[in-house]
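S.K.: Chains as they are written, first to last, in our numbering: chain H, 1 to 281; chain U, 1 to 281; chain S, 1 to 281; chain A, 1 to 281.
Source of the hints: derived by calculation from the structure; they are not laboratory data. It is possible that some hints are incorrect.
You can't tell identical chains apart in this list, so a pair holds if it fits in one copy or across any two.
[Said to hold, decoys possible] Here are the computed lysine-lysine pairs in the DSSO-like style, where the Cα-Cα straight-line distance is at most 27 Å:
1) K60 - K3
2) K263 - K208
3) K105 - K182
4) K60 - K145
5) K105 - K94
Protein chains: 4
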Amino acid sequence: MSKYVLKASCPDSKGIVAAVTTMMAANGANVLDLTQHTASDIDVFMLKTLFEAPSPFDRKSFERVFKITADNFKMTWELYDTNRNERVAILVSKTNHCLWELLLKHQDGEIDCEIPLVISNHPDNRGVAEQFKIPFHHIDYKPGKAAAEERIQQLLIDYEINLVVMARFMQILSPEFTRRWKNRVINIHHGFLPSFTGAKPYHQAWHKGVKIIGATAHFANELLDLGPIIAQEVIHVSDLSSINHLVQIGKDVERRTLVQALKLYLNHSVFVYRNRTFILR
Amino acid sequence: MSKYVLKASCPDSKGIVAAVTTMMAANGANVLDLTQHTASDIDVFMLKTLFEAPSPFDRKSFERVFKITADNFKMTWELYDTNRNERVAILVSKTNHCLWELLLKHQDGEIDCEIPLVISNHPDNRGVAEQFKIPFHHIDYKPGKAAAEERIQQLLIDYEINLVVMARFMQILSPEFTRRWKNRVINIHHGFLPSFTGAKPYHQAWHKGVKIIGATAHFANELLDLGPIIAQEVIHVSDLSSINHLVQIGKDVERRTLVQALKLYLNHSVFVYRNRTFILR
Amino acid sequence: MSKYVLKASCPDSKGIVAAVTTMMAANGANVLDLTQHTASDIDVFMLKTLFEAPSPFDRKSFERVFKITADNFKMTWELYDTNRNERVAILVSKTNHCLWELLLKHQDGEIDCEIPLVISNHPDNRGVAEQFKIPFHHIDYKPGKAAAEERIQQLLIDYEINLVVMARFMQILSPEFTRRWKNRVINIHHGFLPSFTGAKPYHQAWHKGVKIIGATAHFANELLDLGPIIAQEVIHVSDLSSINHLVQIGKDVERRTLVQALKLYLNHSVFVYRNRTFILR
Amino acid sequence: MSKYVLKASCPDSKGIVAAVTTMMAANGANVLDLTQHTASDIDVFMLKTLFEAPSPFDRKSFERVFKITADNFKMTWELYDTNRNERVAILVSKTNHCLWELLLKHQDGEIDCEIPLVISNHPDNRGVAEQFKIPFHHIDYKPGKAAAEERIQQLLIDYEINLVVMARFMQILSPEFTRRWKNRVINIHHGFLPSFTGAKPYHQAWHKGVKIIGATAHFANELLDLGPIIAQEVIHVSDLSSINHLVQIGKDVERRTLVQALKLYLNHSVFVYRNRTFILR
Numbered sequence: 001m002s003k004y005v006l007k008a009s010c011p012d013s014k015g016i017v018a019a020v021t022t023m024m025a026a027n028g029a030n031v032l033d034l035t036q037h038t039a040s041d042i043d044v045f046m047l048k049t050l051f052e053a054p055s056p057f058d059r060k061s062f063e064r065v066f067k068i069t070a071d072n073f074k075m076t077w078e079l080y081d082t083n084r085n086e087r088v089a090i091l092v093s094k095t096n097h098c099l100w101e102l103l104l105k106h107q108d109g110e111i112d113c114e115i116p117l118v119i120s121n122h123p124d125n126r127g128v129a130e131q132f133k134i135p136f137h138h139i140d141y142k143p144g145k146a147a148a149e150e151r152i153q154q155l156l157i158d159y160e161i162n163l164v165v166m167a168r169f170m171q172i173l174s175p176e177f178t179r180r181w182k183n184r185v186i187n188i189h190h191g192f193l194p195s196f197t198g199a200k201p202y203h204q205a206w207h208k209g210v211k212i213i214g215a216t217a218h219f220a221n222e223l224l225d226l227g228p229i230i231a232q233e234v235i236h237v238s239d240l241s242s243i244n245h246l247v248q249i250g251k252d253v254e255r256r257t258l259v260q261a262l263k264l265y266l267n268h269s270v271f272v273y274r275n276r277t278f279i280l281r
Numbered sequence: 001m002s003k004y005v006l007k008a009s010c011p012d013s014k015g016i017v018a019a020v021t022t023m024m025a026a027n028g029a030n031v032l033d034l035t036q037h038t039a040s041d042i043d044v045f046m047l048k049t050l051f052e053a054p055s056p057f058d059r060k061s062f063e064r065v066f067k068i069t070a071d072n073f074k075m076t077w078e079l080y081d082t083n084r085n086e087r088v089a090i091l092v093s094k095t096n097h098c099l100w101e102l103l104l105k106h107q108d109g110e111i112d113c114e115i116p117l118v119i120s121n122h123p124d125n126r127g128v129a130e131q132f133k134i135p136f137h138h139i140d141y142k143p144g145k146a147a148a149e150e151r152i153q154q155l156l157i158d159y160e161i162n163l164v165v166m167a168r169f170m171q172i173l174s175p176e177f178t179r180r181w182k183n184r185v186i187n188i189h190h191g192f193l194p195s196f197t198g199a200k201p202y203h204q205a206w207h208k209g210v211k212i213i214g215a216t217a218h219f220a221n222e223l224l225d226l227g228p229i230i231a232q233e234v235i236h237v238s239d240l241s242s243i244n245h246l247v248q249i250g251k252d253v254e255r256r257t258l259v260q261a262l263k264l265y266l267n268h269s270v271f272v273y274r275n276r277t278f279i280l281r
Numbered sequence: 001m002s003k004y005v006l007k008a009s010c011p012d013s014k015g016i017v018a019a020v021t022t023m024m025a026a027n028g029a030n031v032l033d034l035t036q037h038t039a040s041d042i043d044v045f046m047l048k049t050l051f052e053a054p055s056p057f058d059r060k061s062f063e064r065v066f067k068i069t070a071d072n073f074k075m076t077w078e079l080y081d082t083n084r085n086e087r088v089a090i091l092v093s094k095t096n097h098c099l100w101e102l103l104l105k106h107q108d109g110e111i112d113c114e115i116p117l118v119i120s121n122h123p124d125n126r127g128v129a130e131q132f133k134i135p136f137h138h139i140d141y142k143p144g145k146a147a148a149e150e151r152i153q154q155l156l157i158d159y160e161i162n163l164v165v166m167a168r169f170m171q172i173l174s175p176e177f178t179r180r181w182k183n184r185v186i187n188i189h190h191g192f193l194p195s196f197t198g199a200k201p202y203h204q205a206w207h208k209g210v211k212i213i214g215a216t217a218h219f220a221n222e223l224l225d226l227g228p229i230i231a232q233e234v235i236h237v238s239d240l241s242s243i244n245h246l247v248q249i250g251k252d253v254e255r256r257t258l259v260q261a262l263k264l265y266l267n268h269s270v271f272v273y274r275n276r277t278f279i280l281r
Numbered sequence: 001m002s003k004y005v006l007k008a009s010c011p012d013s014k015g016i017v018a019a020v021t022t023m024m025a026a027n028g029a030n031v032l033d034l035t036q037h038t039a040s041d042i043d044v045f046m047l048k049t050l051f052e053a054p055s056p057f058d059r060k061s062f063e064r065v066f067k068i069t070a071d072n073f074k075m076t077w078e079l080y081d082t083n084r085n086e087r088v089a090i091l092v093s094k095t096n097h098c099l100w101e102l103l104l105k106h107q108d109g110e111i112d113c114e115i116p117l118v119i120s121n122h123p124d125n126r127g128v129a130e131q132f133k134i135p136f137h138h139i140d141y142k143p144g145k146a147a148a149e150e151r152i153q154q155l156l157i158d159y160e161i162n163l164v165v166m167a168r169f170m171q172i173l174s175p176e177f178t179r180r181w182k183n184r185v186i187n188i189h190h191g192f193l194p195s196f197t198g199a200k201p202y203h204q205a206w207h208k209g210v211k212i213i214g215a216t217a218h219f220a221n222e223l224l225d226l227g228p229i230i231a232q233e234v235i236h237v238s239d240l241s242s243i244n245h246l247v248q249i250g251k252d253v254e255r256r257t258l259v260q261a262l263k264l265y266l267n268h269s270v271f272v273y274r275n276r277t278f279i280l281r
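Isolated chain H, as found in the complex:
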């Protein structure tokens, strides 16, 4: 039997949960799991439900019927077939602790998606990707960002990619690129945003004398490090740590935060609203 996830959000009003669950029961969908939240500060309702579809399942017809309920509440909604895995491309530069983390956890079955493609602006990590039997493409940025991004875009199409993960990719994506992949590019920033945007966040943190450092996984958009935050992790640091020590400590936080964000995304837990996210587990 097939399982589907339905995500929906709309202005808050009475009776949404009841309307959705009633509609689903009436159409043979067996609700296995339902989470919902109303952000009362902005009067926005969000709902995520996992259901077993009747067999055979006419998705088109289900969508047509659901649309009536959805339109009634002015819903934005999406339906996901849990049998179809997301296809994820990894962008990486030279630093590879995040790349290793993603590939090892993927191999271990902890990250549930396809990873058919690794792209880098340096040739260094070819060996890492290929050890996991994943095609590696080196894209030279010397001819310019526009040309490089065009090649990346072509690869993403060729490999039928749905999601891009920047695992410490040291090139800034153009606004055109992030707009095309809106809310489908996850970046890991090695600072606790919104503090310490931009370059060398650990240097900034050290000179400011903060007592806690962190990492932030967020959707990349034209605001650079200020796109919607998906996950954040922090760690207390001693003032006895040098900048280099912070860089080293930070690596663990970065890879952990990035993996967490990716899992939340793959689990359809991430709702985006006005440049912030709401995580519904």
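The hints should help you fit chains U, S and A onto chain H, whose structure is shown.
M.R.: For chains U, S and A alone, coordinates are given in the frame of chain H:
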């Protein structure tokens, strides 16, 4: 309009969420919030929902109708009127950081219940209770535990108490007492259970050289410190700390853990199954 | 026998620890505890040592001798008699969770100083201060900041205050005031600095969708919320929390951070260098 | 110039720091770093210092002179040449997240030692070791523990190993073996000790309903999971997690804790006293 919380648990099977929400919609109940979880390791389904009742609301009749659905799934269930606050009695001995915490947070509106009664086996904290205009009863344990507990029991009845919170109460309640108040006595133990049961947990922890200490809020039952755990908190400690320092550090962890457990209870988030709890927020 | 703390910092060079400990031994000072750190990123050496002075102890003469070693290494240094408690004034407005925390922990013996004075720009917390038998002075800000600060300054002198703690004091101190009390005014900011300076940090945090909120205790100076950071604490928050909920959760983090900063200060653990601190425990 | 670490512990008494630093200065040793602690609950003094030796350095003669001071205070002490790296052997079974972590962080320069040898009771991880060009030896346990341990012991001798790390090694070492390698075998236990010793700690934790799980790195001795604790880490878990989910979450905690313990060991920070450790950073 009145709001109610319905809690239910039963062996897992198909269609429970749909059955409950359909039944509620059919009876004019407007679901505002619904959380459910299936503990797949033991095949137990749990559900908590907050709903607006139709006005006027015939609770008896609603319960009669719901019983049909409930019996169908072999449910254990409870219905709570959110307009009726729990009435909580605090038991305390001499150490009073937990007492202060409960009373200050209650005064601040953070803990949502009535606190009509403080009971102690020592007279010392009369001033603390009375400053918050809460009656304080000193129960002398010299005549023996049985006599003392009888007086406590009478006070709990007189004050129409629903829940007892042991805020560092240094007397062990008898099995008769905890059976009568099953899952309605919350105790704070100053150790990370199940390690360090019994007396002087910080001394035990120090001599064992653990690097993290903790506190555990749990339902008191005849297993003493081994009743169902509601909340736990921990803190890293340096090996440079003395035992006395651990005791001091631990106080913050204890009061935080106890408040957290009390709030979860008052929020109807605590499900108990086979001597463990499941927290559904 | 008297115990003293010596704090010193200077450009890094060889042989500082040896020179200091040799000089102390030669002058009858028995080193009980010594911590030192070299911040290699800026080549600054810091040292803190607790020692038992010989009896009788001629402080003046000890300082004269030590000055030779100190000048040799271009040291900045201070000597503290541990028998003389710091005298701390608390500034507070209406919100009083930090005030309660300081006074209860002081009463409990956890905070080791004198608190002879509470000052407020509102009359509301008189009862809280007086319950601990601490004089409370209401300073009206209506006649203007200059006049109010003049009265505050006079009170600090009258009560022989060494340190000022702003326990959620909702007035900005003038640059003149903070310059006069340089590195002797501790403020608690209810945000994880340097993010979210200024007003309503929890509102800012919520709208940004951060997954972790925090509080920062820092020395107040003319940079407002950007003075040297002494202590920071954070807590993970769910996206299901409303702004009001963040405010409530944050209170625990604020009071904990402020107490921690005050204890570090009283323990002579705080070194300030170029607008950041180094904590040597 | 050579740097040495001196570690010493003894019954507490006056003047130890002064005596040691004076002796060192007199013998041309330049103290770079000094940390000391007195465990006042048991009156034990511990000291760790990093110093630059004069050049040329006659270690034997230095030890002879230091012995006079040491004997005076009844010290236990050790001297380490920081130019000589520890040689570490890894024992592993099938589960390899800890093995990967150690090898990747070693390759990345974060773990500062030699790793000349990986030993396993299964052939599965040969590829992992060999990818890092580290010899892998499969020791068959079928002929019995005694024979297997004899072969392991021979390998440790052949490779001049100083420290053994059990990176999820699923065989219990005999008391003879751990006695021979006293305080030189680090094990990672996947539970927050002293809770949940023995097999399947995550299953135990789930059925107990604890709200926090953890991992413990400790010296292996004849007390099995009750040897001296070096490092512990924990993570909050939701009651919505299945046992399998706990196992997965726990892996990150385990590898982090093991790496932390190994670094503390290599950094000469671990003092052992009466079956507990004291960490002096």
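S.K.: None of the hints should be skipped; say for each whether it holds.
M.R.: These are the hints, each one checked on the structure:
1. K60 - K3: within (15 Å within a copy, 38 Å between copies)
2. K263 - K208: Result: close only across copies, 21 Å inter versus 32 Å intra.
3. K105 - K182: within (26 Å within a copy, 35 Å between copies)
4. K60 - K145: neither (41 Å within a copy, 63 Å between copies)
5. K105 - K94: Both. Shortest intra-copy (20 Å) and inter-copy (16 Å) distances satisfy the 27 Å Cα cut-off.
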